[in-house]
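S.K.: Please put together the full structure from these sequences, using the hints given.
The residues making up each chain are set out below.
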Amino acid sequence: MKRMSFAQSIESALAQAMAEDERIIIMGEDVQMIRVNLFSRFGKERVLNMPISEAAFVGAAVSAAMSGLKPVVEIMLVDFIGVAMDAIFNHAAKVARFSGEDWNVPLVIRTACGGGYGDGGQHEQSLWGWLAHIPGLSVLAPSTPADAGGLMLTAIEHDGPVIYFEHKLLSDYWLDYLGGSSRKTVEFDVPSEGAYGFVPKKWEAIPMGQAVSRRDGKDITIISVAVGVHRSIEAADVLEKKGIYATVLDLRSISPLDKDRVCESVSRTGRLLVVDEDYKNFGLSGELAALVKEAGVFFKFARVCTDDTIPYARGLEDQTLPNTEKIVSTALRLMERTNSK
Amino acid sequence: MGPDLFDLYRWMLRSRLFEQAVIQLWDDGKISGEMHLGIGEEAIAAGIVGQIQHGDALALDHRGTPPLIMRGVDPTLILLEFLGHSEGLCAGMGGHMHLFSRQHLAASSGIVGASAPTAVGFALSAKYLRPGSISVAFFGEGAVNQGMTMESFNLAASWKLPVLFICKDNEWAITTLSSSVTSGSLIERARSFGMNVGEVDGSDVLAVWDATKSAIEQARKGDGPSYLHMQCYRPQGHFLGDPLIRIAKHPVKGMKELAGPLAKSVTKIKGSSMGQRAGSLKSVSALLRKTMKSQLFKEKDPLELLRQKIKSDKERIRRVEKEVNEEIQQAVDRALQMAAKQARRNSL
Chain H
176 MKRMSFAQSI ESALAQAMAE DERIIIMGED VQMIRVNLFS RFGKERVLNM
226 PISEAAFVGA AVSAAMSGLK PVVEIMLVDF IGVAMDAIFN HAAKVARFSG
276 EDWNVPLVIR TACGGGYGDG GQHEQSLWGW LAHIPGLSVL APSTPADAGG
326 LMLTAIEHDG PVIYFEHKLL SDYWLDYLGG SSRKTVEFDV PSEGAYGFVP
376 KKWEAIPMGQ AVSRRDGKDI TIISVAVGVH RSIEAADVLE KKGIYATVLD
426 LRSISPLDKD RVCESVSRTG RLLVVDEDYK NFGLSGELAA LVKEAGVFFK
476 FARVCTDDTI PYARGLEDQT LPNTEKIVST ALRLMERTNS K
Chain P
107 MGPDLFDLYR WMLRSRLFEQ AVIQLWDDGK ISGEMHLGIG EEAIAAGIVG
157 QIQHGDALAL DHRGTPPLIM RGVDPTLILL EFLGHSEGLC AGMGGHMHLF
207 SRQHLAASSG IVGASAPTAV GFALSAKYLR PGSISVAFFG EGAVNQGMTM
257 ESFNLAASWK LPVLFICKDN EWAITTLSSS VTSGSLIERA RSFGMNVGEV
307 DGSDVLAVWD ATKSAIEQAR KGDGPSYLHM QCYRPQGHFL GDPLIRIAKH
357 PVKGMKELAG PLAKSVTKIK GSSMGQRAGS LKSVSALLRK TMKSQLFKEK
407 DPLELLRQKI KSDKERIRRV EKEVNEEIQQ AVDRALQMAA KQARRNSL
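So the protein sequences, as listed, match chains H and P. With the working numbering applied, the first sequence closes on residue 516, and no number is skipped along the way. With the working numbering applied, the second sequence closes on residue 454, and no number is skipped along the way.
Treat the hints as calculated values from the structure; they're not laboratory data. One thing to keep in mind: the hints can contain errors.
[What the hints assert, rightly or not] With a straight-line Cα cutoff of 25 Å, these simulated DSS-like cross-link-like pairs (lysine-lysine) come out:
#1 H:Lys219 with H:Lys245
#2 P:Lys359 with H:Lys377
#3 P:Lys136 with H:Lys359
#4 P:Lys404 with P:Lys415
#5 P:Lys415 with H:Lys359
#6 P:Lys359 with P:Lys415
#7 H:Lys416 with H:Lys393
#8 P:Lys376 with H:Lys219
#9 P:Lys370 with H:Lys177
Please read these numbers as outputs of a predicted model, since none were measured by experiment.
M.R.: Printed below as a string of structure tokens:
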């Protein structure tokens, strides 16, 4: 075991995989700068700078993956994915089905997501629910350095297209570039356990679709991903002081969802609170409620999600994104509702 | 009739001083996120926006401040927006990358290339609803590799829409040198759509004015779109805090941060050939050299170039500079006071 930052973990796992498999290439805007360590080690044939042409280079990554390469293609921020969406949801996601499961697209789409640094509603979205909506896409969002590296390897080894989310609050260099954290005059609410932590000596893939419990409690199940997991753990600390014991499940994988784990926990606690930085409507939170309901589990439900376009103003942004206070107050209401029944 | 040089100087200076104040506010932590400045693009904005009339529309990119200032949007409103104030231009909701002024038909986007289709739609409605009005799309040379930009060229040209496509070529697509990822000539690319094209020194406001004048006349007459390619500079890098600029400004400290991990990566056992690795290092240092050079901005500074042209009237220059200084200072003071008041209210 050694300690590493979230960003170093992703890079370290990528380097390990790239050293072992020459078919892995990185494609994206600015990658020779942003991934300068990989560029200097693996050269320009493996780390390919792209023009600002997402529709073309993601489309090309799809067919490159179909024909033998293993591209890790970068959409700098997931907000920019709209331009490349056709290649992703009409092509990458469908080739395996269309070919009668004969032809795979072993493609990783790496993309930064999330808010908390005042960049406005076109640069801070999460959108994993939107992508997980599409059959044929796997969607991963790690919350710790150990998972960041392990899941990167999972994504690379998977034989279908995987969207790999990297939350900007957990990756120091993104906060530097986009949040201007080189200034001593700004502060961000970075979850320390997510940004830095123990990692294995050699990276190994984590089985896809496995949620992990970050905390066990009998009263309520809080489910989240990425930064939301850390906000949920903080909330669970506060709740514990009030005599309420929460389980915090970190999904890690939005698609596939760990249905068994989710249902098992909710059937034990009888209460489900979803904390989702992605939008509330038609998304992960509703999906979780539906699948537990479909499993025949009786439970109380509430959610803390992003309801609307994320405002630029820091104060308004903090009110819009899920935060610890909101999680605590929603959990308390959920407890009351159940008790008064 | 040509433009009044002192008017142009006043507008460009307003924009420059405004953005210099923004640098300070960003450094002070009062402005969040990616702050992209238009310092170096003032001649382009002034030479074009100076000829814009009521009913014309502006499609702006992530460097939208100079055109908005020159279009007459109150600098205090823009600053309040940057400060995230509820009385800002967009109620604190949009921020510096997403500035909108319905009154001026001006819309921005942080998505590279998005200004081109936006201008096409503005021009389409102008054709129906405001004959004689035009739209202008501002974008960088990096955006011309975006499919939607080229698709917009085709739409505008085949429908003969009154659009001015203004390519501000600062040679950088974020931190990638555009020449390394762009084929052919962008001017020829645009010409092949059947548009009128022009190449302009974007640091020379009079050259911008002249080239734009005939393109605007043509658009207003219904003779279709133009593409004007304007060379310019970005001395502040892609955005404030740009790591390349940081290294260029403090090479010893910056290189230390970069060189440690680099040396480690280059010498790892598995990887590409040593020749390839040396190539990588060479290309990184080429980027840094290019960035260092961009710091020698003065001789290309559009404001300085215009000042040289009008310097004989020292008294008038002094007066303009004094007035603009006071105006921007007042806007900053007012915005900061209002922001402090709101912060106090919020903390109660």
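S.K.: Regarding the pair Lys136 of chain P and Lys359 of chain H, is the alpha-carbon distance no greater than 25 Å?
M.R.: holds (12 Å)
S.K.: Are Lys359 of chain P and Lys377 of chain H close enough, with their CA atoms no more than 25 Å apart?
M.R.: violated (32 Å)
S.K.: If you draw a straight line from the CA of Lys376 of chain P to the CA of Lys219 of chain H, is it 25 Å or shorter?
M.R.: holds (15 Å)
S.K.: Does the structure keep Lys359 of chain P and Lys415 of chain P at a Cα separation of 25 Å or less?
M.R.: violated (40 Å)
S.K.: Mind checking the alpha carbons of Lys370 of chain P and Lys177 of chain H for me, to see if they're no more than 25 Å apart?
M.R.: With a Cα-Cα distance of about 18 Å, the restraint between Lys370 of chain P and Lys177 of chain H holds, given a limit of 25 Å.
S.K.: Straight-line Cα separation of Lys219 of chain H and Lys245 of chain H no greater than 25 Å?
M.R.: This hinted pair holds, its Cα atoms lying about 16 Å apart.
S.K.: Hey, Lys415 of chain P versus Lys359 of chain H, does the alpha-carbon distance stay inside 25 Å?
M.R.: Between Lys415 of chain P and Lys359 of chain H the Cα gap is close to 41 Å, so the pair fails against 25 Å, i.e. violated.
S.K.: Within 25 Å, alpha carbon to alpha carbon, are Lys416 of chain H and Lys393 of chain H?
M.R.: holds (14 Å)
S.K.: Is the Cα-Cα distance between Lys404 of chain P and Lys415 of chain P 25 Å or less?
M.R.: holds (15 Å)
Figure legend: structure checked against the earlier numbered hints; hints not met, in rising order: 2, 5, 6.
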